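Go by the hints and put chain Y onto chain W.
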Amino acid sequence: AAGVIQSPRHLIKEKRETATLKCYPIPRHDTVYWYQQGPGQDPQFLISFYEKMQSDKGSIPDRFSAQQFSDYHSELNMSSLELGDSALYFCASSFSIGTPNTEAFFGQGTRLTVV
Amino acid sequence: GENVEQHPSTLSVQEGDSAVIKCTYSDSASNYFPWYKQELGKGPQLIIDIRSNVGEKKDQRIAVTLNKTAKHFSLHITETQPEDSAVYFCAASMDSSYKLIFGSGTRLLVRP
Numbered sequence: 011a012a013g014v015i016q017s018p019r020h021l022i023k024e025k026r027e028t029a030t031l032k033c034y035p036i037p038r039h040d041t042v043y044w045y046q047q048g049p050g051q052d053p054q055f056l057i058s059f060y061e062k063m064q065s066d067k068g069s070i071p072d073r074f075s076a077q078q079f080s081d082y083h084s085e086l087n088m089s090s091l092e093l094g095d096s097a098l099y100f101c102a103s104s105f106s107i108g109t110p111n112t113e114a115f116f117g118q119g120t121r122l123t124v125v
Numbered sequence: 063g064e065n066v067e068q069h070p071s072t073l074s075v076q077e078g079d080s081a082v083i084k085c086t087y088s089d090s091a092s093n094y095f096p097w098y099k100q101e102l103g104k105g106p107q108l109i110i111d112i113r114s115n116v117g118e119k120k121d122q123r124i125a126v127t128l129n130k131t132a133k134h135f136s137l138h139i140t141e142t143q144p145e146d147s148a149v150y151f152c153a154a155s156m157d158s159s160y161k162l163i164f165g166s167g168t169r170l171l172v173r174p
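Line by line, the protein sequences are chains W and Y. FYI, the numbering for the first sequence is 11 to 125, going by the numbering used here. FYI, the numbering for the second sequence is 63 to 174, going by the numbering used here.
Next comes chain W alone, as it looks inside the complex (with noise of 0.2 Å):
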């Protein structure tokens, strides 16, 4: 079955560098969330999309910036990168019509390295 897919798989940045991770959600699923997971950490919930819209937000810094593209794919935008953002972000995804206590299945992760 097709799982959440997202790229890259590692990426390393300088400071005061940004970039941009990818996220491509289960077919037919229409929410995308983002989390950030630092080592030996739970992940940390960061924002939302419910059909492209933002749908919850939670402690992501102002220097992040995400959206939800028409196919539903999700890009998470972080500029002026600190050693502190060095972490996995995983992105999850799931069928929610609405509703949002549905099953979020999440991606492999992509690691960030900011050196």
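Any given hint could turn out to be false.
Stated by the list, open to error - So the derived list for chain W, only partly shown, Cβ under 8 Å to chain Y, looks like this:
{"#": "1", "residue": "A97"}
{"#": "2", "residue": "F100"}
{"#": "3", "residue": "F105"}
{"#": "4", "residue": "Q118"}
Said to hold, decoys possible - Here are the in silico distance ranges between beta carbons for each label pair:
{"#": "5", "chain 1": "W", "residue 1": "A12", "chain 2": "Y", "residue 2": "D121", "range": "21 to 29 Å"}
{"#": "6", "chain 1": "W", "residue 1": "L93", "chain 2": "Y", "residue 2": "R113", "range": "38 to 46 Å"}
{"#": "7", "chain 1": "Y", "residue 1": "T131", "chain 2": "W", "residue 2": "P18", "range": "44 to 52 Å"}
{"#": "8", "chain 1": "W", "residue 1": "T28", "chain 2": "Y", "residue 2": "E101", "range": "26 to 34 Å"}
{"#": "9", "chain 1": "W", "residue 1": "R19", "chain 2": "Y", "residue 2": "T131", "range": "27 to 35 Å"}
What the hints assert, rightly or not - Capping the alpha-carbon separation at 25 Å, the derived lysine-lysine pairs in PhoX-like fashion look like this:
{"#": "10", "chain 1": "Y", "residue 1": "K130", "chain 2": "Y", "residue 2": "K119"}
{"#": "11", "chain 1": "Y", "residue 1": "K120", "chain 2": "Y", "residue 2": "K99"}
{"#": "12", "chain 1": "Y", "residue 1": "K104", "chain 2": "W", "residue 2": "K23"}
{"#": "13", "chain 1": "Y", "residue 1": "K130", "chain 2": "Y", "residue 2": "K84"}
{"#": "14", "chain 1": "Y", "residue 1": "K84", "chain 2": "Y", "residue 2": "K99"}
{"#": "15", "chain 1": "Y", "residue 1": "K99", "chain 2": "W", "residue 2": "K32"}
{"#": "16", "chain 1": "W", "residue 1": "K32", "chain 2": "Y", "residue 2": "K104"}
{"#": "17", "chain 1": "Y", "residue 1": "K84", "chain 2": "Y", "residue 2": "K104"}
{"#": "18", "chain 1": "Y", "residue 1": "K130", "chain 2": "Y", "residue 2": "K120"}
It should be emphasised that the hints constitute simulated quantities derived from the structure, not laboratory data. Source: prediction; values computed, not measured. Glycine included, every Cβ here is placed at the ideal spot set by N, Cα and C.
Just chain Y now, kept in the frame of chain W:
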């Protein structure tokens, strides 16, 4: 906001024994409780979930129980196998939000 606490942080069991991981949540409005298994270098994998209108759910060797009054839920793994070794996360969500709040994780080690 919602806060989820998870215990223990590490758990070591002998192969064949049972493992129990417990979580408590703070917001009584939470009504969806999934459990995820995360192996090294991989994304969290949904293994079982439960909703607040159900007290227990079982899927082969895995079961989850929910006590709404006490606001806690537990993951039970029976007949553990070495391949069950991973980090397990509980999470909570509510109808009004499109987000999961995770517990801090339990590192399970199953000794052969």
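A quick look at each hint next to the structure:
Violation of the interface hint for A97/W is found here, the shortest Cβ-Cβ separation to chain Y being roughly 13 Å, above the 8 Å cut-off. Annotation: F100/W was flagged as interfacial toward chain Y, and the flag holds, the nearest CB pair being 5 Å apart, inside 8 Å. The beta carbon of F105/W is not positioned within 8 Å of any beta carbon in chain Y (closest approach about 12 Å), and the interface hint is therefore violated. Because the smallest distance between the Cβ of Q118/W and any Cβ of chain Y comes to about 5 Å, under 8 Å, the interface hint for this residue holds.
The hint said 21 to 29 Å for the Cβ distance between A12/W and D121/Y, and at roughly 22 Å that hint holds. Judged by the Cβ atoms, the range 38 to 46 Å given for L93/W and R113/Y holds: they are separated by roughly 41 Å. Taken as a hint, the range 44 to 52 Å holds for the pair T131/Y and P18/W, whose Cβ atoms sit roughly 46 Å apart. The supplied range of 26 to 34 Å is met by T28/W and E101/Y, whose beta-carbon atoms lie about 31 Å from each other.
Restraint check, R19/W to T131/Y: a C-beta distance of roughly 44 Å breaks the suggested window 27 to 35 Å. For the proposed pair K130/Y and K119/Y, the alpha carbon gap of about 14 Å is at most 25 Å, so the pair holds. With a C-alpha separation of about 16 Å, the suggested pair K120/Y and K99/Y falls inside the 25 Å cut-off, and the hint holds. Pair hint K104/Y plus K23/W holds up; C-alpha atoms about 21 Å apart against a cutoff of 25 Å.
Taking the CA atoms of K130/Y and K84/Y, the gap is near 14 Å; set against the 25 Å cutoff, the hint holds. For the given pair, K84/Y sits about 14 Å from K99/Y by alpha-carbon distance, which is consistent with the 25 Å threshold. Only pairs whose Cα atoms come within 25 Å are accepted, and K99/Y paired with K32/W is accepted, the gap being roughly 23 Å. For a cut-off of 25 Å, the pair hint linking K32/W to K104/Y stands: about 17 Å separates their Cα positions.
Using a Cα cut-off of 25 Å, the hinted pair K84/Y and K104/Y holds, with the two alpha carbons roughly 23 Å apart. Between the alpha carbons of K130/Y and K120/Y the distance comes to roughly 18 Å, so the proposed pair stays at or under 25 Å and holds.
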